[in-house]
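Using the sequences and the hints, build the whole thing.
Chains A and B are the protein sequences, given in the same order.
Taking the numbering used here, the leading residue of the first sequence gets 1159, the next gets one more, and so forth.
Taking the numbering used here, the leading residue of the second sequence gets 239, the next gets one more, and so forth.
By construction, these hints were calculated from the structure, which means they are not laboratory data.
Please read these numbers as outputs of a predicted model, since none were measured by experiment.
Treat the hints loosely; a few may be bogus.
What the hints assert, rightly or not - Here are the simulated DSBU-like pairs of lysine-lysine, each with C-alpha atoms no more than 35 Å apart in a straight line:
(1) K1189(A) x K334(B)
(2) K1273(A) x K1232(A)
(3) K330(B) x K1189(A)
(4) K249(B) x K1273(A)
(5) K1273(A) x K330(B)
(6) K1232(A) x K249(B)
(7) K334(B) x K1232(A)
(8) K330(B) x K1232(A)
(9) K249(B) x K334(B)
(10) K1273(A) x K1189(A)
(11) K249(B) x K355(B)
(12) K1189(A) x K249(B)
(13) K1189(A) x K1232(A)
As the list claims (entries may be wrong) - Computed footprint of chain A on chain B, listed as stretches where at least three residues anywhere in the stretch have a Cβ under 8 Å from a Cβ of chain A:
(14) 271–284
(15) 288–297
(16) 338–351
Claimed, not checked - Derived DEER-like restraints, expressed as beta-carbon distance ranges:
(17) R1360(A) x Q253(B): 22 to 30 Å
(18) T1225(A) x S352(B): 35 to 43 Å
(19) S346(B) x L1173(A): 30 to 38 Å
Even glycine gets a Cβ: it sits at the ideal position worked out from N, Cα and C.
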Amino acid sequence: MDEHTRSDQIIEDYLGDLRDALRTVNPRSTKEFVAEIEQHISEGRTTFEPGDEVGLRNLLERIGSPTALANELKENEPPRTVSAMDRATPWLIIFGGFAFGFGWLVGLYGLWSSKTWRIWDKLLGTFIWPGGLFGTFYFYLFIPSTGGTACSGLRGAGQTAPTLICSHGITTLPHGLQFLIGFVVVAAPIFVSVRLSSVLSRGYADPWNSHSIRVVRSGRSTSTSVRVGWIVIGLMVLIFAIFALTLH
Amino acid sequence: MCNMVVGGTEKLLAQMRRGAIEYCVLALLQSEDHYGFEITRQLSEADGLVTSEGTVYPLLTRLRNDGLVDTYWQESNEGPPRRYYRITTNGKRALKLFIDQWARFRDSVDDILSRGK
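This is the structure:
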């Protein structure tokens, strides 16, 4: 391995160790921090010959051990405040649907207006399932009447016409599959709610929400995520209204 | 027990150092804008101020988040573009306040400590 490549390997190893040490730190801070350290190394390398391994090791030593840097970054993180809305959101997402769907919609607003969750968590919270556990019950009410129908005819003694016994929707599926679908349908919103709570307790902010995708308009900053959230909430209200009408 | 006391003192010193460095950075930026590498090098040249150069970057981020400095990118002849740090009006105000208080604080502490000798 030539000297220059060896230097590159030493730097890659150092940055790899740094990323590992930063795993428990807010990812929003770490991305920028690692970029700063990379830049520092690039600048530092211009002060000695490209193949000077001793010079490089001295530079990395001066920058500090990955563990020390991770600790420093943690110390400098601003104290985190969790709003009441953030705390309530996972509960509203899972149980809010039982309050005539309204509670879930409030939870949806909390989810999309918060910087705590990433876009994927927001999408999970929205679409699995609309209405939370209430959506699950709705699924059981709604699906059997929309799925396939299987009927079998039985002719009893003295009967001229057979009696039709029909089963609907997922009840036509094999028992194992029925159980699996039932389990997934119930477990999925619970899993999503637990995940939202877990992200909340970790306290990672949403880089998608708070970096460059922010529109400043007449002194107020409006996050794109919040606007997308309003559109999603609007769509959900519409879907709820259509479902409610179909029930009648 | 003794180790706990020493550990507490070390933690306090680390916090004091961290607090003081922020104003040292502001003081460096008051005369001219600097990029990160320059700032860390100047701080690490001062005895006992910085334990490792990399630890200055989280402080720079905090100063920026607090609105005491802002940043801009500038092309460099020696490599990739550099992020320059510039002191803001709030930063200048904070530095002035610190300088006023620091002299009084330092003199008072020195005075009390010298009595214990």
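Against the structure, the hints:
no., hint, result
1, K1189(A) x K334(B), "holds (33 Å)"
2, K1273(A) x K1232(A), "holds (19 Å)"
3, K330(B) x K1189(A), "holds (29 Å)"
4, K249(B) x K1273(A), "holds (32 Å)"
5, K1273(A) x K330(B), "holds (31 Å)"
6, K1232(A) x K249(B), "holds (14 Å)"
7, K334(B) x K1232(A), "holds (28 Å)"
8, K330(B) x K1232(A), "holds (27 Å)"
9, K249(B) x K334(B), "holds (27 Å)"
10, K1273(A) x K1189(A), "holds (17 Å)"
11, K249(B) x K355(B), "holds (24 Å)"
12, K1189(A) x K249(B), "holds (27 Å)"
13, K1189(A) x K1232(A), "holds (14 Å)"
14, 271–284, "holds (count 5)"
15, 288–297, "holds (count 8)"
16, 338–351, "violated (count 0)"
17, R1360(A) x Q253(B): 22 to 30 Å, "holds (25 Å)"
18, T1225(A) x S352(B): 35 to 43 Å, "holds (38 Å)"
19, S346(B) x L1173(A): 30 to 38 Å, "violated (45 Å)"
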